[in-house]
Each structure stands twice: as C-alpha cells, then as structure tokens.
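Now for the letters of each chain:
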Amino acid sequence: MSDVTTAPRAAPRAPAMAMRVKVALILFALFAVLPPVAVALGDPFMVLIATRILAYAIAAMALDLILGFGAMVSFGHAAYLGFGTYAVAILSSYGVNDLLLQMLGAVVVSAAFALVTGAISLRTRGVYFIMITLAFGQMAFFFFISLSAYGGDDGYGLSSRSTIFGSDVLENDMTLYYVTLGFLIALFAACHRIVGSRFGRVLTGIRENRERMEAVGFPPFRYQLTAFVISACITSLAGVLLANQAEFVSPAFMSWHRSGELIVMVVFGGIGTLTGAIGGAVVALLLEEWLGALTHHWPLLFGLILVLMVLFSPRGITGLLERTGLWRARK
Amino acid sequence: MTNLLVLQLLNGVQLGIILFLIAAGLTLVFGIMDVVNLAHGVLYMAGAYLMATFAAATGSFWWALLLVLPGAVVVGLLLEVVVIRRLYDRSHLDQVLATFGLVMMANETVKIIWGTSPLSVPMPDIFSGSVPLMGPLQYPVYRIAIIVAGLAVAGGLYLLVNHTRIGMLLRAGATNRAMVSALGVDIGKLFAIVFTLGAVLACFAGAIVAPILSVDTGMGESVLILTFVVVVIGGIGSIKGAFLGAVLVAVVDTLGGVFGPILLRSVLDASAAGQAGRTLAPMLVYILMAAILFAKPTGLFGGRG
Amino acid sequence: MTFKKKLLATTLLAGIAAPAMAQDVPPAAEDNVLKIGLIYTLSGPAAALGEQARNGFMLAADKMGKIGGMETEIIVVDDEQRPDLAADNARELVQREEVDFVVGPIFSNILVAIHQPVTETGTILISTNAGTSNFAGPDCNENFFVTSYQNDQNHEVMGAYAEQQGYQNVFLMAPNYQAGRDSLAGFKHSYTGNVAGEVFTELGQLDFSSELAQIAAFQPDALFTFMPGGMGVNLVKQYGQAGLTSIPFLSAFTVDETTLPATQDAALGLLGGANWAPDLDNAANEEFVTSYIEKYDHVPGTYAMQAYDAAQLINSAVEKVGGDLTDRDALRAALKEADFDSPRGDFEFGVNNYPVQDFYLVEAVKRDDGLYATSAKEKIFDDYVDNYADQCEMQ
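Protein chains in written order, with this note's numbering: chain A, 578 to 908; chain B, -1 to 303; chain C, 74 to 468.
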C-alpha cells in the first residue's frame, strides 16, 4: 500500500519559516514575563502550572519533529516522557541529584529504547506503525507498573527537586520555570536547525516521496530512525523537567492517553511547524483547565472539540488562523 | 502443578476467545476500510453496559443478551454514519485524533448515564457452578460456555467469509480495495456492513464477559491495546490471523503471569524470581509481538505493508 | 474550588495573551482563621471510602463548631483518585489557599503525590488512611502525621492470627497491583507457615470461580485475601456459593462497613484485621458511632473513625497552642501529644508520627438494629509499633 501515514503538508517555505520563528519569539517573550505578572496579580501559583505547560510544549515539539516532518505517527511517545520522569526518581534514589546527569541518563535509556523499538516499528508503515508504537508504549507502561521498588502503580514521590552543579536552586518555583523555559528555547532552536538542515530536508523529502529519496541515495530507514531517536531523547528531557515540576513520578505519565494528548497538542497547533506544537500545548492544556472548571464532565466537551476539529478544520489552529487570514505568511 | 497449568490454559483460551471477538471486527475495519479505530474498545464497553442495563430491566440474562444485539447494530450504525464514514478518505492521523476524541466522549457519556460505580451482571443459573475436569480440578461452566459461544461465532465467521458473496467481497476488499469498487460494488454500503458487523461482535464480547468482569468505564481500553497486538500479530485484515493471534496472546499473557515466576525460580532465588517474573509477565505479550514483527513485519497472515 | 480553577485558567490565558486584561485576584486569607483542606476520593468506584472519611471529619467539626476555639474554614477537594491532579490540588491548597492543615487522602498513591508539596512548605499533613512504608521509615517527616496505621499492619494482624491458630498451609490471593502485592508481603511478615498458593488476580475481576476451584483443590487451612471494593463483594458472595465456608476466610479491607451493605448475610462470620470496630467498648466510641449513624444513616467504618480522630487531633493541638499557628515547633509538639479520646481507645504517636495502637481480629456481624458491621473478637496486637519506625531518624 502507498505511503500515506499522514496527510501531506506543504514543505515549509522560507517566509513562512521566518514568520513562525517570529511567532515563537513572541510566545517566548510572553512566557518570560509571565512570572512577574503572576506575582503582581498575587498568584505565584500560576507559575507552577505554567511550568507544566512548558514541559509539555517541549514534548509536543519533539513529537512534531517526527510527526510533522517525518510523517511518523508515534502513538507511544508518552513512554519517553516516562523514562525522563523515572530517570529523576531512580537516579535520585541512588544519590544522583544533578539535573544534567539525570538528563543524560534519561537520554541514554530513551535512545536505546527508541533505537530498538524504532528499528522494529519502522519496518512497517501506516496503521501498523501507529499500533506498534502504541504497543511498545504500553510495554514500557506495564514495566513501570510492576516495578515495585519504585512504587509500582502507586508512583514514587521525590524528596527534593534536582540540583544544578550541587546547588538546589530549582527548589524555587520561579527558577524551575525559567530553567524549563530556557530548555524550551534552546531545544526549539535545535529543532529549528535540524529541520532546516540537509538532514531535515531529506526527512521531509521522504515524507513527500519515499521512493524518489531512496532512488537518489538516501536510505529512508536510517534517516527516519535517526529522527525517531532524536525526538525520543528530547521528549525524555521534557519528562525530567516534568518530574521536577510534579515532584512525583508515576506510570500515569506514560499511559496511552498521554500519548494521545501529545498528538492532540501537535495537531491543535498545526503539524509540521514546531511553533504550532508549542502553541498547541498551551492551548490544549489551558482548554483542559478551562473546560474542567466549567464542568466535571470536561472530557466529553474536549472529545467533541477533537472530533469536530478533525471533521471541519483538518489543519488545526494554524488552519483556523489561515482561514481568518491571521497567519497569512504561511501562504 | 498440572492442575494449575490446565486451569490457566483454559483461562487463557477463554480470554483469547474474547479477544478474538473484538479483534475480528477491528482487523476487518483496518484491512478493508483502512481506518484506525481507537474507539473499537468503546463498542466492547457499550456491549457490557447495554447488557447490564437490559439485564437489570428484564431480570433475565437471555432477554438482555437478545436485546444487546439490536442495540449493537444501532450503536455501530450510528457511529459509522455520524463520524467514521467521514474519515474514510482522511489521513491516519486524522482518524487517530477523531477516534481518540470519541473514546473520551464515550467514557464520559457512560459516566454521566451510568455513574462511576462499576456494575455487575448476574450469571444465568444454568451456567453457574463448575464441572469436574480431572482429579480435584473443576472449571466454571460459564467460562466453558464463553469458549463454546466464541468458537461458534468463529465458525460462523469462517462460513460467512469463505462461502458467501459478502465474504468474497470482504476478502477481496482486504487485499485490493480499488478492485472491489471497480467491480461496481457500493463501497459505502459494504463499509457500513463491515463496521456494523465489527460493532456487533465487540458488543457481544462485552455482553458475555459482563458476568465475570466488573462493568466500568476503563474496561474498553485495557482490551483495546491487547486487541491491537492481536491484529498486528495476526496480520491486518486476516480473520484467521486474528483467531490465532488472539489465542496466542491470551495464553502467553495468562500463563506468563503464573508460570513466569515459577520458571525463573530455577535460576534465581524465590523473592527475586517473584519480583522479576511479575515485572516481566505483563511485557511478554509485547516481546512476542516484537519478535514476530521482526521476523514478519506484516504479521503472521498479513499480506500488506 | 471550581471557580478558583476557572479563575486560574482564564487569568493564565490572559497572562499569556494580553496581560493588561487580567484582573485582580483577591488577597490571601487573613489570619485568626483556621483553614483546613480535605483531599479525598469523592468520585469514581472508590467514592464511598472518601465519603465516609469526609463524613467522619465533618461530624467532629460540626460537633466542635470552632475547631481549637478558632473560626474554622474547611475546603473539600476531590482527588478523583488521580495522583497528578491531587498533587496540583494540594499545591493549590497550600500555596493559594494557604491552609494550615491538609487532611487526607484515602489512597497510598495519592499520599505519595501530595506528601512533598504539602510538607515542604511547613504545612501539616494528616493522613487519615494511607500509611506507606517509606514515610514511616527513612522518609519520615516532622510535618506528617498519620491517624490510621502503617499499610502493612492490618495484613500482619491476619498473619499473626493464622500463626496463632497454627495454620500450616494458607492460600493467598490479591489483585495484581501495588497495594495487593504489599498486602501479601505484610501477611507473610508475621506468618511463617507454608504458602499453599499465591494468586494475583486481575484488578477489577469479578468472577473468582477458577481461583475458588483452585482453592477447593488445594484444601488449604485458610484463605487470606485482600479484595477491596466491588471485587471483595463478589468474592465473598461466590465464596459462600462455592461451598468453601469450611475454610476460614481471613481478609483485610475486604469485609468492612463499606462492603457489608452489599454482601449482607454472605459475609457473616468472615474474619478481618483492623485497628478498631464499631462495638469497641468505650465512651468515645459509643458517642462517635451513635452520632454518626444518627447523622448519616449507616454504620461508620475505619475510614470515618480515622478522619474523626484527625479533627479531634487538630482540635486538641490548636487549643494547646492557644490558636497561635505561627509557632510551628509548638504546634508539632502539641500534635505529637495526641491528647484526645480516640474511639479506638489507646492512641499515641510513635517516633515516626505513625500511631502506636492495638489491633483486633474482627468478624462481620448483624447488629440488633439490623445493620451489618464488624465486631471486635479478639485483640491480636497490643500497642503495636510498625516495622519501619526504627528506620526513622526523627526525634
């Protein structure tokens, strides 16, 4: 069967790219002024919720890297989020509290898992790929469920946040927020570089026409697998930050619902744009909060919005913006 | 020990039958319509809730079971006409999103209608009790009935697929969709029939497990993922693959949980074996899947990639 | 709560999109008010447990009017049995509402999630049910008190009872999740005999016929099981139907006041381990049980009793410090004294702030008024200290 894993999206063109970077910069600037605003409003608690949103934004952006640019619908990405959170829990229980070392641990495990499962999953395409990544995600989920030493399904509370070069600055919510924001910006820059590089162009080339790329000497498998591993590693970094935000880890972070939510975030913002994924994470999580405040039965409304969005606006928020003319540079 | 093995083997087969009933519909929907349907587990859940409702209303297991079937047709058709039909020519990503949305909606709707407390369905009198098997070993009649009913449905499906005109179209559709539409068959109608058939099978599965499992909102999801594994192992579009895959997955899952620790005990000390066994057991199914896919990326009986 | 959440979402959105649009949030609560946040599971399959606990706490609070002589504000939050949500709720209670005490939860995984966010700010956390081993041992915390038990203890009671009865061959069964695995470990801690079989069932399983067939085949001296909620209701019913009543049925959290209304006669005579029973003979218990039944029309379970005690504990401590909540050391010392009359009789805190109390073998009975309840049959442990206390390095 043909290679129609995702709907084809136009390859990003230079002016559109520039526009998106501009929007991303505006978003980052708004993120940067949020804490003082929250303090001025007398509600510093807001910062903690915003930290979670930023962490998910990183994960969504990482997923967009393979979903949007590589046409790989990974339905098991929450597993990497989980590896990140458990890297914090497990390493800290052995006295390794340094944020960067924990990140290193998360990346190594995620890269290994992504390499093996990606290699198997990428032998297939389409429906198979979606279901196999989902199944591998569940496999990781069940592993941590039965890991009694770290609480099994009860989860594991962290006694403190990670340290940076021995200093416990992250105990301060503001610092954690800005560190998370720093990672978001740095990783956005990295993803932006990747997408714009030769590697990124090969990846989008494979998405558009696999056979042709193969014919001109770019083996799709190798490129896709590399992208898959990179994306997994970045997602696990989001997990490390998330564990610090929640000060608690549990297999719930890696359930298949979470994987679905990550995809929703990417699509909410419009796939294949990086910036969109960040905006999508913000919108999806705020929507969840907001609907949750409206009614106890918010999943009903959230699900309805999803279904309607797919049926009537297949291109997400960016699609809607395009229609209203607010995102004209994309054209 | 032998008793335990036989008992768990039977439990495995019984779970396999349930998985098959769900997977059969799913594999057809994937294979023929090329639709990723995460909401298939919802149909299983719907069957169980309908069963609980009808059983409470009529006071009879049999009337309830009889009423579930038309109920399933209604639910299936409704879902197909309102949402699924619009997803046929959409990307897999759109299908994932829309059906993920459906799962959220369905779970919440069930909570609104039936509340969050689990429901239960009384077992019919003639099936309660156990039959002696060998030695002191007994096995519940109801579970045997599930196995028999499932085998009967499997037989019926076999006849339907291999010896009827609709079955011919199904087989043709699973291998080459374009050819079927070229034959002048009303594809829309065929798809609606396939989806509804899948819905009825899943609802039936949900209805017959209701007396042995608690009927609650999460029930569709644990089964959905296992069903995916079954479909992938068996090969998308293959009923035969779904049957073998279901039994294989279920038996590995059931036996692994009990015998994994026992086997490991020969190499590790008892508590380490227990710990390792319980950690590994739930992963066995996925390791099996990975191994099979590594050897055959399209599953045991899958023709397409 | 809902309104607050809404406010949060909208202001956050405004904060990102257009800071100028955001409005002022009312200033934090003034002093001289005792603020208590309750976190319980009030929706989902286990809602009945959370409701009992909330009822128990409110019963005491209503009776006292002003807890510790202070104007009292109680905020009740539903954790939906979701740890991530509970952690956020706990933070909101502590940081935004600035409560003085957080009371709850029912489930261990929720406790694990809210412990750090609450205790790190110096706010007092009182668990009225969950008592995990880590917080009893190496991770004990001066701001954390438990009015229930250490999780393993009720299971240990049954292990000790099996040992005492001279059972040599016990069949163990629990659902395959963390609490189930801990339960069997707890039983084996005080039981040294042979294990006839150890079965982990699927969480949510309602049909136990194949397990019961296995038990019938093994003919063990006794069955020990941990089957909370609906699973326990079904197991109890099927145990009788399978004609296994000749094999003693030992359990924990399976036959109690939350399941007895459903199992009724089928559970009569079945045994459990507990730190209290409604018919313990003391004045405080008499008053608690009578007023609870009067107000809520059902027999209270341990969940209600332990939350009731949490309210009494806060009351006693706040009174002792004369309403001065700023001196945390004094407040903690006052709490540690546990100067109140618990319906369970003897009650004091161990070094780890977990209770040192008696444990009983309880049996399901039908009361004279036709209601079903557990009844204390025999005291198994006297002033029992949990196994982790010696790992706690707190003074």
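Hints in this document: simulated from the structure, not taken from any laboratory.
Among the hints, erroneous ones may be present.
Claimed, not checked - Cut-off 20 Å, straight-line C-alpha distance, at most; resulting in silico cross-link-like pairs (EDC-like, lysine to aspartate or glutamate):
no., chain 1, residue 1, chain 2, residue 2
1, B, K109, A, E865
2, B, K109, C, E153
3, C, K108, C, D135
4, C, K368, C, D431
5, C, K450, C, D431
6, C, K452, C, E359
7, C, K310, B, E219
8, B, K109, C, D455
Between the alpha carbons of K452/C and E359/C, is the straight-line distance 20 Å or under?
19 Å, holds
Between K109/B and D455/C, does the CA-CA distance stay at or below 20 Å?
45 Å, violated
Pair hint K108/C and D135/C, alpha-carbon separation not exceeding 20 Å
15 Å, holds
Hint check: K310/C vs E219/B, CA-CA at most 20 Å. Holds or violated?
28 Å, violated
Is K109/B within 20 Å of E865/A, Cα to Cα?
18 Å, holds
Given the hinted pair K368/C and D431/C, is their alpha-carbon gap at most 20 Å?
28 Å, violated
So if I understand the rule, the pair passes when the alpha-carbon distance is 20 Å or less; does K109/B with E153/C pass?
Holds: K109/B and E153/C sit about 13 Å apart, inside 20 Å.
Checking one constraint from the list: CA of K450/C to CA of D431/C, max 20 Å. Satisfied?
13 Å, holds
The structure fails hints 4, 7, 8 (numbered hints given earlier, in ascending order).
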